[in-house]
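Here are the chains, one letter per residue:
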Amino acid sequence: MAVTREAMLEQWDRPSRWRRPTVWDVLWGLLAAAGSIYLYWLYRSYMDGYEVAIQIGSTLALIAWGWYWKPARPFALAVALLAAMALWRYGADFELRRSDFLLKYFLESQAAFMWMSSLYVLATVAYFAALFGRSEFVGKTATALTWCATAMGLTGLLVRWRESYLLGTDIGHIPVSNLYEVFILFAVITALLYLFYEDRHRTRAMGGFALLVISGAVGFLLWYAFERQAHHIQPLIPALQSYWMKIHVPANFVGYGAFALAAMLGVAYLLRLGAETRRPDGLLVRVLPPLELLDEVMYKAIALGFAAFTVATILGALWAAEAWGGYWSWDPKETWALIVWLNYAAWLHLRLTKGWRGAPMAWWAVVGLVVTLFAFLGVNMFLSGLHSYGSL
Amino acid sequence: MNEATARESFSRRTLGWVLLEFLGSMNLAITLLVVIAIASVIGTVLQQNQPYPDYVLKFGPFWFEVFRQLGLYDVYGTGWFIGILSFLILSTSVCLYRQVPNMLREMIRFRTQVQLRSLRGFHQHSEWLLPGRDLSAVLTAAAGVFRIHGYRCRSQDYGDHWIVAAMKGRYNRLGYLFAHAAVVVIGIGGLLDGNLWLKLKEWRGEVAVETRDLAARDVPPVSRLKPGAVPAFRGNVMLPEGTAANFVFLRLRDGYLLQELPFAIELQEFRVEYYDTGQPKSFVSQVRIHDQEHLGDRPLEATIQVNHPLVYRGYAIYQSDFGDGGSKLELQAWPLSGIRWEPAEVKGEVGSALGLTGSSGSLRLELDEFRLFNLLPEPDARPGDRKFRNFGPSVGFKLRDAAGEAREYLNYLMPAQLEGRWFYISGVRSRPGDAFSYLHIPVDAKNSPERFLKFNARLHDESWLRSLLGRPTLAAENPDLRHDFDLVRLNLVGLFIQGGFAAVSERAKTVVPADRLQEATMLYLNILRDTLASVFVEVLREEGVNVEQGIGEREDAFFSDAVSALEMLPVYGAPFYLQPTGFQQVEASGLQVARSGGTGVVYVGFFFLITGIFIMFYTSHRRLWAWLLIEDGATRLVLAGTGNRRQTEFAHEFAGLRMDLTRRLGPSEPVATVPVAEVSLPDAPVAMPVAGSRSTT
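Order-wise, the sequence lines are chains A and B. Each residue of the first sequence is one higher than the one before, counting from 3 in my numbering. Each residue of the second sequence is one higher than the one before, counting from 272 in my numbering.
Bear in mind the hints are in silico, worked out from the structure with no lab data behind them. All of these numbers come straight from a predicted model, not from anything done at the bench. Honestly, I wouldn't trust all of these hints.
Stated by the list, open to error - Stretch-level coverage of chain A by chain B, calculated; a stretch enters the list once three of its residues show a Cβ under 8 Å from a Cβ in chain B:
| id | stretch |
| --- | --- |
| 1 | 166-178 |
| 2 | 348-356 |
Stated by the list, open to error - According to the in silico footprint, chain B covers these stretches of chain A (three or more CB under 8 Å from chain B):
| id | stretch |
| --- | --- |
| 3 | 325-335 |
| 4 | 338-345 |
Said to hold, decoys possible - The calculated SDA-like cross-link candidates involving lysine to any residue, where the alpha carbons are at most 20 Å apart (straight line), are:
| id | chain 1 | residue 1 | chain 2 | residue 2 |
| --- | --- | --- | --- | --- |
| 5 | A | K356 | A | R280 |
| 6 | A | K356 | B | T302 |
| 7 | A | K142 | A | R202 |
| 8 | B | K552 | A | V178 |
| 9 | B | K658 | A | I173 |
| 10 | B | K658 | A | Y226 |
| 11 | B | K658 | A | A232 |
| 12 | B | K329 | B | G342 |
| 13 | B | K658 | A | F384 |
| 14 | A | K356 | B | V371 |
| 15 | B | K329 | A | F384 |
| 16 | A | K356 | B | N373 |
| 17 | B | K658 | A | F228 |
| 18 | A | K248 | B | G853 |
| 19 | A | K356 | B | N578 |
| 20 | A | K356 | B | F293 |
| 21 | B | K658 | A | E278 |
| 22 | B | K599 | B | G513 |
| 23 | B | K552 | A | L62 |
| 24 | B | K658 | A | L169 |
| 25 | A | K356 | B | K725 |
| 26 | A | K356 | B | G513 |
| 27 | B | K552 | A | I173 |
| 28 | A | K248 | A | A55 |
| 29 | B | K552 | A | H234 |
| 30 | B | K552 | A | Q236 |
| 31 | A | K356 | B | E809 |
| 32 | B | K658 | A | E324 |
| 33 | B | K725 | B | E809 |
| 34 | B | K552 | A | Y226 |
| 35 | A | K248 | A | Y45 |
| 36 | B | K552 | A | R202 |
| 37 | B | K552 | A | Y245 |
| 38 | B | K552 | A | E324 |
| 39 | B | K658 | A | E229 |
| 40 | B | K552 | A | F384 |
Virtual Cβ for every residue (Gly too), placed ideally from N, Cα, C.
This is chain B alone, in the form it adopts within the complex (with noise of 0.2 Å):
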C-alpha cells in the first residue's frame, strides 16, 4: 500500500465516519423527533386533500400557488415530508447499527475488570474490613447474597486480589433494541403504505393524474391502474343500490387515478337504522362480490358496516360514506312571478339537471340531494334543551342561471308545524355554506299550497285587480276620484310584490315631503293592507269560502303569513316554488377499498415497540462487584452497584444486599474511609448515546 492510497482511504474513512457520527447522532435524533412533530402540525391546522378551487378562494391565487409548489395540500404525501421521516429511519438505523455490538456485549460481559477508586466512587458502595476472616469464605459469602438476589457471577483472580462481577436484568437492553428497531421497522412498513409506489409511477410518466370530471369507463388507461400496479391504495367508490363496480377512485392532489379491482361489489342494499331519539344507529351494506375466477357463477354475500369491514382476497372493503343513488323525484313547479298558479308538473332524478325556460331567461335546475330525515334542533326550544325533530323528506337544488351564478334551495316535502300554524317550508341560500333564509308558505284547508300561490298570482294579475277594485261595493262615491284611488292601489301591490313593505316606504321617500314622510308612509301601507286583504277576501270567495261574516282567526292568520312570506318572495329569487310531492329513494352506499401490503410489517413493529419500551422503562440492568483483598489478617471487601434504570428500586436493593452481607459476614472492623473523587461511571450508555458526550449521572 503506498501512501497516497493510504491517505486516501483514510480520508474517505473519515468521511464515512463523520457522516456515520452524524447521522447516528442523539442531537440529530432530537432534532429530528420535534421537526417531524412541528411539521405535522400544518396538516392538522390546514384541512388536507380539499378540491382545489376551495384553497384559491381562501388563499387567493398568489398563496394558493405558493402552497401548492409546498404541498401543504397533501402534506403527508409530500416529498420534503416522507424525506424528513426517511431521514429519521435512517438516523435510528445509524444509531442501532453503532449500538447492537455494544449492547449485546454489555449483555454478555460481566465487566471483571474494574479499579478500586471506580468503585468507592459509585453512588451504591459499601466497606468491610474482616479480621481473621479469609478471602475464599469472604468470596463465597459474597457470591451466595448476589445469587440469592437473582444475581449471575464471574469472579476472577487478579493475584493480589478477586473480583466478583454480577449483574441481572440484562434483558433491559433488548428493550432499547426492540424499540428502536420498532421504529425503523413501522416506518418502513408505513412508507411501503404510504404513496411512494404512486410518486414513482408519475415521476417515470406511467401514470399521469386525471382531472376532469369522467364517468369510469372514459377515464384513459394513463389514469388507470391494473390490479396488483401498487402494493397498497385506498380508494373510493359510491355504488347506488342495485349497481355493481369493479374499481375504486385514488384521489390524488386535484384530481384522481382510476384502480381496477379483479373482483366487482354489487350493492343490493344499504340501510340506515335509527335510534329512537333519531340518530343514526347503524350503516349497513348488504353487497355481492363477484369473482369469475376465484367464485365461479356464485357470487359473495356479505353484510358491510361501520368497524366491521369485509376483507377480499386482501382487499378490505369499508362502509365510509354514503349517499344518493338517484332517487326519483315527482315535484311540483309553481308558478310564482305570472298571472297562472296552476303548478307544472316536474320528474327527475337527484343528480340530474333540467333546462328550463322562462320569462327571466334559460335556468338550470339542477336536482342535488334528497334526504329522507331532517332531524333538526327544535326551533322553539331553548338553547341547551337539546330536543330534535324529524322534519321529513327534503329536496336540495341548485338554479343556475345563464351566467352560471347559482342559488341553492332546500324545500321540504311535508309542511311542518310552527308556533302552531303549519308551513311548506323553502330554504335559500345564494353562497355555499351561508345560512338558509326560509320561506314559510302557509298551508291551506286542502293542506296545500295552492291558496298562497293563487293570491300570489292575483297580485300579478292587473286586469283581475282592476275588475275587483272596480266593484262599486269596493269604490268610493267619486268616479274621478275611485279612478285615481284605484291607480295607487295598483301601483301600490306593484311595489310590494317587486320589493314588499320596504318598496313602498321608499317610494314614499321620493314623493312625498320629507315632514309629511311618515304620516304619508303610514297612509300607504294602510291602503296596501287593505288592498292586499280585499284581494285574499276575493281569493277565498272564488275557493268557496263564505265570508258574508267576515273572515275567521284561522283565515286571519293566514292572510298576515301569507303577506310575511309575499315579502320575502323578492329575495327567494326563484320564478317558482318546487314542490317535491313524490320520490322513491334510491340509496348509494360509499365503500372504501384498502389494500396496504405494509400492514404485517408494521404490526410486528407495533408488537416490538410496546413490548421493548416496557423492558426499557420497567427492567433494569443492575451489576455488582465485590472486590476483595487480603490486609494484614483481615479480607478487605468493597461491595459496590449500578442500575441503568429504577435508581430508588436500585437503592432499596442495595441496602438489602448489604444487610444480607453483614448478617453472613459478621461485623466489620471500623473502614477508614478513603477520600475518592467522583468517577465518572463506566456504565454503558442506556439508550443512544452521542458521540462525546457520555451520561454523567
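Bound-form chain A, shown alone (with noise of 0.2 Å):
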C-alpha cells in the first residue's frame, strides 16, 4: 500500500492543541501543588470551606502561571523560599523582630517594604538611564532590580500575613485590607504585569514609565507610614471579616495595575508623538518604543485589567449581598467602580469597533487613570460610604 508523502506528514505531525509538557512544566507543578498541601497541613485549623476552596483555585492558578510564563517559576520560588525563611527565624515570637538579625534588616514585612521601595526607585532610575544612555547592561540591571524588588514586596505580604497571626489568631488575616497594604500590592502587581509585558514584546524602552507609577506609589506608602503611622497592623473590622476578601482586593488590583500600567504608556505614545511632529530625528524618538508597540501594549493592558476589574466588581457584588443585603448599593465605591468600567468599556468599543488609535486613546486611557484613581483613593479620601475602612 503506498503511502502518500502528504498522508506521511500527517502521520509525523499530529494536531497539537497543546503543546506537550516538559520535565520540568511536570516538576513545576508537583512542587506547586507540594508546597500548597504542606501549607494546608500547616494552617489547616484556621481555613473554612471557602478558604479551602480558594487555596486549591489559587495553587491551580500559580501552576498555570509558571506553564503560561516561565520567568514566573523562579520567581514564585524565590519568595516562596524567603518568606519560609522569615517563618522560619520568626517561630511563634512576633518580638523577634526586633532583635533577629535576619528579621530586622531584611525579612520582617516593614524592613522587606522598605527594600521594595528603595529598589524600585533605584529600578526607575536605571530604567530612564537605560533608555537614554542605551545601555544594555543597565537595562539588564533595571530589570533585575525590579524583580528584586517585586520579589521583596510580596514576600513582605506574605510575611506580614504570619505576623498578623503571631499578634493573635483572632486577628490574622491577608494583608490586603488597608490603604497601606493594598498599595504594596498594587505596587507588587503592576509591576509584575510589566515584566510580563517587557518579556513578551523583548523591549526594556517602557520600563521607566511602568516603574514611575509604581514609584508614585512607594512615594505614598512612605508617607503614610513615617507620617500617619499606617504600617501597624490592626485586626479586621466585622465588615472585613470574610473569605472573599481574598479574591476581591486582590482581583482588583490586577485591574487598577493594568489601567495604570496603560496610562503611563498613553504618556510615552503621547511624548513620543509630539516629539516626532516637533523634531522627528531628535532624541526621544530615537529612544521610546515605536507607536505601534505603545498602542498594543497599552490596548492589552486594558484589555486585561478591564476583564479583571469587571471579575473584581462582580465578586464585589456577589460579597455585597451577602455583607450589605444587596448585590448593589449604589455606594461611592461601587459607583466609582462602575463609573472606572463604563469609562474603559467605551474606550474598549471605540478602539475595537470604531477603530480609533492614536493620540485621543492614549490621552483616554491617561484621562482613566485620573479616574481609577479617584475610585481608588479619591472615594476614601473626599466621600463616606459603605466602604469607609479605606480611608487614609
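Two independent chains are provided; combine them into the complex using the hints.
The structure is reproduced here in C-alpha cells:
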C-alpha cells in the first residue's frame, strides 16, 4: 500500500492543540502542589471550606501561571524561600522582629517593604538611564532590580500575613485590608504586569514609564508609614471578616495595576508622538519605543485590566449581597467602580469597533488613570460610604 | 397593493429602520456609557437619602427645591436616571438583535467566495509558484497544514481555480453575544430589584409615603405594603432586646413605607465583642423567627452577624446597625445655679424625654443615647501615636428650652484621669456637628463631684458669703472699710459666677480710668482669687478637712481645677450637672431585611459577562484561505489569513504555517509581486458596528 507524502506528513505532526509538557513543567506543577499541600497541613485549622477552595484555586492559578510564563517559576520559588526563611526565623515569637538580625534588616515585613521601596526607585532610575544611555547592561540591571523589588514586596506581604497571626489568632488576616497594604499589592502587581509585557515584547524601553507610577505609589507608602504611622497591623473590622476579601481585593488590583500601566504607556505614546511631529530626528524619537508597540501593549493592558476589573466588581457584588443586603447599593465605591468600568468599556468599543487609534486613545487612557485613581483613593478620602475602612 | 399603501409601508419601514439604526448605533452606545458614568458621579458627591431638613440647611430653600425637583437626593431611583439606564439596555438589545444573525452566520460560514485581489491585500499573506506540482497535491498539503494548526477547512472548485477556506476559534463570536446579552440581563434584573414597583404603585395612587414620625401600629393602610406586594425591597428595623417585629421600614425620599413581613423576628440578645485593642470584633444578633404558618409553635433560632445573614423563605436578614433599645438610666441632677447642692434623683430611659421646671423656665430633658464604651484617642498622646483609652459609659442628652432651642450634652459615668488628676467630664455643644467643649469637674476625696458643687453653691449663697466674710478673722480693722471691702468682694464673686474672670476684667474697664486699668484689674483679680480661696477653705472645713496647717498640695490643685471649671460654667448653659450613676443597658440591633426577585437573573448575567469578556479578549476568530491555480504546468498558491483579535499571536501562527507549508511543498519559484491596492477587509465587525463605518484596521 502506497502511502502518500502528505499522509506521512500528517502522521508525523499530529494536530497538537496543547504543547506536550516538558519534565520541568511537570516538576513545577508537582512542586507547587506539594507546597500548597504542606501549607494546608500547617494552617488547616485557620481555614474554612471556602478558604480551602480559594487555596486550591490559587494553587491551580499559580501552576498555570508558571506554565504560561516561565520567569514566574524562579520568582515564585524565590518568594516562597524568602517567606519560609522568615517564618522559620520567627517561630512563634513576634518580638523577634526587633532582635533577630535577618528579620530586623531583611525579612520582617516592614524591612522587606523598605527594600522593595528603595529597589523600585533604583529600578526607575536605571530604566531611564538605560533608555537615554542606550545601555544594554544598565537595562538588564533595571530588570533585575525590578524583579528583586517585586520579590521583596510579595515576600513582605506573605510575612505580614503570618505576623498578623503572631499578634493574635483573632487578629490574623490576609494583608489586603487597608490602604497601606493594598498600595504594596498595587506596586507588586503593576510590576509583575510590566515584567510580563517586557518579557513578551522583548523591550525595556517601556520600563521607566511603568516604574514611574510604581515609584509614585512607593512615595505615598513612605509618607503614609512615616507621617501617619499607617504600617501597624490592625485587627479586622467585622465587615471585612470574610473569605471574599481574599479574592475581591487582589482581582481589583490586577485591574488598577493594568490601568495604571496603560496610562503610563499612554504618556510615553504622547511624548513620542509630540517628539515625532516637532523633532523627528530628536533623542526622544530615537529612544522611545515605537508607537505601534505602545499602542498594542496599551490595548492589551486595558483589555486585561477590564477583564480583571469586571471579575473584581462582580466578586464585590456577590460579597455585598452577603454583607450589605444586596448586590448593589450605589455606595460611592461601587458607583465609582461602575464609572471606571463604563469608562474603559467606552475605550474598548472605540478601539475595537470604531478602530480609533493614536493620540485620543492615549489621552483617554491617561484620563482613565485619573478616574481610576479617584475610584481607588479619592472615594476613600473625600466621600463617605460603606467602604469607609479604606480611608486615609 | 396600490401605490399609496406601498409608499406608506415604504416610509414606515424607513422610519422604523432609522429608529433601529439610531438605537443600535455605536455612537449612541458609547455616548450612553459616558453619560451614565457622568450622571453616576452626582450621587457619590451629594450624599443620598439624607433627611430633607439637612439638605435645606446645606443648600438653602431655593436650591433645595431645584435639586429636589431634579431628584438629586435619590439620583439612582429617579426617573431620568432609570430612563438612561433603560435606554442603554434598549440600545444594547437593538444592537444584539441586529448583530446576532451576522455573528451566527460568521460562525457557520467558511467564506469560500473571495477575490484574489483581496487576499493579496491582507496583512498576512504569502505566495508560492510550484512548478511540476499538481493542484490536488498542493491542495491536500495546504488543507493538511491548516488542520494541524487546528483549523477546519472547506474547499470549493471554481473551475479555473480552487479555494480552501479555513477557520478556527469561531466561538470568539459567542464572547460578543454573551457579554452584550449579559449587560441586558443584568440591567433588567437590576431594574426588577430597584424601586420601579414602588414607583408604579405610587403613581397609581395605591401607596403614599408617610412622613410623620409614627409608631408602627399607627401607620395608615395607604403607607403599608402587604407581604409580596412588591417583589423586591430593602427595609430596616431597629429591634430592642426582647422585642419582636413583623415589619420593616422602607425609606423613600423624605418619608417611609411600612413593609409587612409574613413572619416575626424576635431579638433575644445583641452582643458586641471587642478586640484587646478595644476595636469592635463582631456584632451578633441572636434571633428567633416566629412563623405560625410554616414553623408552627416552634420558632426558628438563628444567629445573624455581619457577613453571615439569615435567609428565611427568600427574605434575607442582615446585621446592619445597632443602637440603644431604651437603656434604663439612673442619674443625679446637681444644681448649678442655686444655693443648694444636694442632687435630685432622675430616672429615665434612653429615647424618652422628661419635662423639668426650674428657675430659668421649663426645660425638656431628652435622653438620647447611652454608650457602654467610649474608645477615644489618648488626650496626652502625640499625634500619630494611635493610643486609645476607654473612657467608660456615657450618656448623651439634650436640654431643650421653651423656644425649642437645644443644647447637646455628653456626660461620662466614671471620672477620668487627666494630667494625673481625676475629673468628671461633661461635654456640651449648642449645634450638632460642632466639637464638644468640656467641663472638667474635679473629683473630691469621696470620689464624688460634691465638693465642687458645694463650692459652687456657696458662691451663689449671698447670706452665707456675708456671714463668712463678716468674720473678724478675715476682716480688716476698720468696720466701715470692712463693710465696703466685703461689698466689693461680694460683687466680684457675683460677677465671676456670671461670667468668669472675663466679666471681672470687663467691669474693671467700665469703672476704672484707662491709665490705671491694668493695675486695678490685677488688684480685683487678686481680691477675687483670695475670696474664692477663703470660700474654698471654708468648704473644706465644713467637710471636716483639717485646714489649720494650710491646705495640702492635692487640695491646692483641686482649687485651681475648680476655679477653671467655675469659669466654664457660664457657657455650660445647663442649670444642673447630670451625673450618670447607674444603668441597665438594653441594646437594640438594626436589622435589614431584603428581598430581591431579580438576584438570580443578575447572577446569570454575571456569569455570562465574565465568560463573554474572557472569550472576547483571549480567543480569536481566525480565517485562512488558500487560493490555487494551474499556471503553465505550475501551481500557484496564495495563502492569506486574518484574525479578529491578538494580531501579534496570529502573525506568529501565520509564520509557522508558512514554514510548515514550505517544508511540505518544497521551494517556490520566485513570485512576481503583484502590486495590489490596499483593500478593506471583508472581515465581519468584531463587536457592535455602526452603520456605514466599518473598521478599517
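Verification of the supplied hints:
{"no.": "1", "hint": "166-178", "in the structure": "holds (count 3)"}
{"no.": "2", "hint": "348-356", "in the structure": "holds (count 6)"}
{"no.": "3", "hint": "325-335", "in the structure": "holds (count 8)"}
{"no.": "4", "hint": "338-345", "in the structure": "holds (count 5)"}
{"no.": "5", "hint": "A:K356 - A:R280", "in the structure": "violated, 28 Å"}
{"no.": "6", "hint": "A:K356 - B:T302", "in the structure": "holds, 13 Å"}
{"no.": "7", "hint": "A:K142 - A:R202", "in the structure": "holds, 15 Å"}
{"no.": "8", "hint": "B:K552 - A:V178", "in the structure": "holds, 18 Å"}
{"no.": "9", "hint": "B:K658 - A:I173", "in the structure": "holds, 18 Å"}
{"no.": "10", "hint": "B:K658 - A:Y226", "in the structure": "holds, 17 Å"}
{"no.": "11", "hint": "B:K658 - A:A232", "in the structure": "holds, 13 Å"}
{"no.": "12", "hint": "B:K329 - B:G342", "in the structure": "holds, 16 Å"}
{"no.": "13", "hint": "B:K658 - A:F384", "in the structure": "violated, 25 Å"}
{"no.": "14", "hint": "A:K356 - B:V371", "in the structure": "holds, 19 Å"}
{"no.": "15", "hint": "B:K329 - A:F384", "in the structure": "holds, 17 Å"}
{"no.": "16", "hint": "A:K356 - B:N373", "in the structure": "holds, 18 Å"}
{"no.": "17", "hint": "B:K658 - A:F228", "in the structure": "holds, 16 Å"}
{"no.": "18", "hint": "A:K248 - B:G853", "in the structure": "violated, 45 Å"}
{"no.": "19", "hint": "A:K356 - B:N578", "in the structure": "violated, 44 Å"}
{"no.": "20", "hint": "A:K356 - B:F293", "in the structure": "holds, 16 Å"}
{"no.": "21", "hint": "B:K658 - A:E278", "in the structure": "violated, 57 Å"}
{"no.": "22", "hint": "B:K599 - B:G513", "in the structure": "holds, 14 Å"}
{"no.": "23", "hint": "B:K552 - A:L62", "in the structure": "violated, 33 Å"}
{"no.": "24", "hint": "B:K658 - A:L169", "in the structure": "holds, 17 Å"}
{"no.": "25", "hint": "A:K356 - B:K725", "in the structure": "violated, 84 Å"}
{"no.": "26", "hint": "A:K356 - B:G513", "in the structure": "violated, 63 Å"}
{"no.": "27", "hint": "B:K552 - A:I173", "in the structure": "holds, 9 Å"}
{"no.": "28", "hint": "A:K248 - A:A55", "in the structure": "holds, 11 Å"}
{"no.": "29", "hint": "B:K552 - A:H234", "in the structure": "holds, 17 Å"}
{"no.": "30", "hint": "B:K552 - A:Q236", "in the structure": "holds, 11 Å"}
{"no.": "31", "hint": "A:K356 - B:E809", "in the structure": "violated, 92 Å"}
{"no.": "32", "hint": "B:K658 - A:E324", "in the structure": "violated, 33 Å"}
{"no.": "33", "hint": "B:K725 - B:E809", "in the structure": "holds, 11 Å"}
{"no.": "34", "hint": "B:K552 - A:Y226", "in the structure": "violated, 25 Å"}
{"no.": "35", "hint": "A:K248 - A:Y45", "in the structure": "holds, 16 Å"}
{"no.": "36", "hint": "B:K552 - A:R202", "in the structure": "violated, 46 Å"}
{"no.": "37", "hint": "B:K552 - A:Y245", "in the structure": "holds, 16 Å"}
{"no.": "38", "hint": "B:K552 - A:E324", "in the structure": "holds, 18 Å"}
{"no.": "39", "hint": "B:K658 - A:E229", "in the structure": "holds, 15 Å"}
{"no.": "40", "hint": "B:K552 - A:F384", "in the structure": "violated, 26 Å"}
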